[in-house]
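Asks: So you can see what is in the structure, the chains are spelled out below.
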Amino acid sequence: MFQKQIIMRRVLYSLTPIWALSVWLYGPRVVVLTAVSLALGVLTEYLYEKRRNGKVSEAVLVTATLFALSLPPAAPAWIAAVGIVFAVFTAKMIYGGFGRNIYNPAIAGRLFVYISFATVLGRSFTPAGNFGLGAGTLLGRPEVLSSATPLAVWRSGGTVPVLNLLTGLRDGSIGESSVLLILAAAVYLIWTKTASWRIIVSEVAAGGALALALHFAGVKAALPPASLLGGSFLFVAVFMGTDPVSAPKKPASHWIYGALIGITAIVIRTFSAFPEGTSFAVFVGNTFASMIDDFVAGRMNARKARAEAKAAAVPAGASPQGPGDAPAAGTGKEAAK
Amino acid sequence: MSGKAGKILKDNLWTNNPIFIQILGICSTLAVTNSVRNTLIMTVGVSLATAFSSLTLSAMQAAIPRKVRMIVQVLVISFYVILIDIVLRAYLPDVSKQLGPYVGLIITNCIIMGRAEAFAAANKPFLSFWDGLTSGLGYMAVLVSIAVVREVLGFGSLLGFRVMPQGFEPWTIMIMAPSAFFLVAFVMWWAKTVQAKAAVKAAAAKAGPKPAPAKA
Chain A
-18 MFQKQIIMRR VLYSLTPIWA LSVWLYGPRV VVLTAVSLAL GVLTEYLYEK
32 RRNGKVSEAV LVTATLFALS LPPAAPAWIA AVGIVFAVFT AKMIYGGFGR
82 NIYNPAIAGR LFVYISFATV LGRSFTPAGN FGLGAGTLLG RPEVLSSATP
132 LAVWRSGGTV PVLNLLTGLR DGSIGESSVL LILAAAVYLI WTKTASWRII
182 VSEVAAGGAL ALALHFAGVK AALPPASLLG GSFLFVAVFM GTDPVSAPKK
232 PASHWIYGAL IGITAIVIRT FSAFPEGTSF AVFVGNTFAS MIDDFVAGRM
282 NARKARAEAK AAAVPAGASP QGPGDAPAAG TGKEAAK
Chain B
1327 MSGKAGKILK DNLWTNNPIF IQILGICSTL AVTNSVRNTL IMTVGVSLAT
1377 AFSSLTLSAM QAAIPRKVRM IVQVLVISFY VILIDIVLRA YLPDVSKQLG
1427 PYVGLIITNC IIMGRAEAFA AANKPFLSFW DGLTSGLGYM AVLVSIAVVR
1477 EVLGFGSLLG FRVMPQGFEP WTIMIMAPSA FFLVAFVMWW AKTVQAKAAV
1527 KAAAAKAGPK PAPAKA
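Protein chains in written order, with the working numbering: chain A, -18 to 318; chain B, 1327 to 1542.
Source of the hints: derived by calculation from the structure; they are not laboratory data.
Some hints could be false.
Said to hold, decoys possible - Okay, derived cross-link-like pairs now, PhoX-like style, lysine-lysine, Cα gap no bigger than 25 Å in a straight line:
| # | chain 1 | residue 1 | chain 2 | residue 2 |
| --- | --- | --- | --- | --- |
| 1 | B | K1333 | B | K1450 |
| 2 | B | K1333 | B | K1518 |
| 3 | B | K1523 | A | K31 |
| 4 | B | K1527 | A | K31 |
| 5 | B | K1333 | B | K1523 |
| 6 | B | K1336 | B | K1523 |
| 7 | A | K231 | A | K285 |
| 8 | A | K31 | B | K1518 |
| 9 | B | K1330 | B | K1518 |
To be verified - Beyond 10 Å from chain A on every Cβ pair, some chain B residues (computed):
| # | residue |
| --- | --- |
| 10 | G1329 |
| 11 | M1386 |
| 12 | A1388 |
| 13 | M1396 |
| 14 | Q1424 |
| 15 | L1485 |
| 16 | M1502 |
| 17 | V1510 |
Ideal placement from N, C-alpha and C gives every residue a C-beta, glycine not left out.
Input sequences plus hints: build the corresponding full structure.
Replies: Quick look at the structure:
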């Protein structure tokens, strides 16, 4: 029934430790949300593919897992159901299925529920640890809620211990918990050439530089530098931005694409009414992905044409070299800018 | 005559629907469809404005110089739209307030201008009236069905009456314009799929006798 996709399997492997840790942090709720999301995601794609005798892509497993991991731990199961069906159907199958979608389906589903059910999801954060016992109940509505997600703490002027950010013992969405596990996954994905290191590096570098600049420039709304380890900034950089289908294709475009996502994420996180901006940032990045590719291709063609013109001009004669060189150097400088 | 009127009706409601085939009047589709009541009043307004301006323009077509016909069309259309606006303000002030500038913007609704140019300029007055009215109905059919989905999911109500159970959580995105974008897209997709299938079937029926025995 599944079409074998080794790249998608590697992403699933890299997500396993993060998922296992989240089960310890939030208990059976995580299992239910992941199960609902996987089952309905696969079902949606299966029903659609059956009509044209296609196979279900393994990418849908990644989409469903990432979507479940992006929810707050006590999110109601029906919200996961609505979100994943919307994600797979509207953001993927309608465009023609795997490989043809413009937007990352997991992000589309997440934004759909995030905008629709903002208040419910806002009330779905529970204290982390001990298989979710801190919430009072293991399933259903939690008795104890947490408003102390790291970003909220920083916003109200508090501090979050960096060690907790590294180990993942802090409140927040299911999958964004442990910085160490996310870094390990990033190393694995880059090592196996599954994810583009250019996207991850440029995203973190550009976003980090902007966050630091805002902080040290004394902007009032800016969060402290440690905020780069909180929220879903790293999780999104490693798993969402690097989706090979919705990212641009050329290696050179990866730099621009990653930087665009990183900067947008920090701008939205700092200056908007939304607590977190990473999903919107990936959406913006996806929107411009093909345009970036186009721009890079145009640049590369122009450079190639210039080089060829130069190569043709040199053996022809020595005298026209001087004036022929000058404009080329000028445009070269322009490109460097 | 009745055959022609029937064909116009079918054209405007289905085969040449202003929304999902001509893709006209999309701006108001996005703006006013989050409540069924407002949508109904808006689309009735558009239908009447289209019908009467088509009637008037068709009746006076011989008197309109070709070069200034657009100006004349806009004048006639705005006359009817202002009438609608005044009636709404007098009898349904709250709806008028909610619709805001969109009543006045009926003047620039492409459907009205489109019918005036494409139909009323070359047909008899009463047929033009019928064409304008049915075009408005085609617009209404699509907008009302979108509004039903948006109001039920976005507010949990239908025409202001609560239809969803107590614990229902409203889908905020349905109240916002983005939802209209993908709902309109769904309607277009559905209609074009059905029409394409019908076309294939009709073509197969025409060429019927040949491939049928081959299959058997």
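Asks: Now look at each hint and say whether the structure bears it out.
Replies: Now for the hints, and whether the structure bears them out:
1. B/K1333 with B/K1450: Since the Cα atoms of B/K1333 and B/K1450 sit roughly 15 Å apart, the hinted pair holds (cutoff 25 Å).
2. B/K1333 with B/K1518: holds, 19 Å
3. B/K1523 with A/K31: holds, 19 Å
4. B/K1527 with A/K31: OK: B/K1527 and A/K31 at ~22 Å, within 25 Å.
5. B/K1333 with B/K1523: holds, 20 Å
6. B/K1336 with B/K1523: Roughly 17 Å separates the two Cα atoms, so the pair holds.
7. A/K231 with A/K285: This hinted pair holds, its Cα atoms lying about 16 Å apart.
8. A/K31 with B/K1518: Cα-Cα ~21 Å, so holds.
9. B/K1330 with B/K1518: holds, 24 Å
10. G1329: holds, 38 Å
11. M1386: holds, 47 Å
12. A1388: Fine: 49 Å to the nearest Cβ keeps B/A1388 off the interface.
13. M1396: holds, 36 Å
14. Q1424: holds, 22 Å
15. L1485: Since the minimum Cβ distance to chain A is about 22 Å, B/L1485 lies beyond 10 Å and the statement holds.
16. M1502: For B/M1502, whose nearest Cβ neighbour in chain A is about 7 Å away, the distance does not exceed 10 Å, so it is violated.
17. V1510: holds, 13 Å
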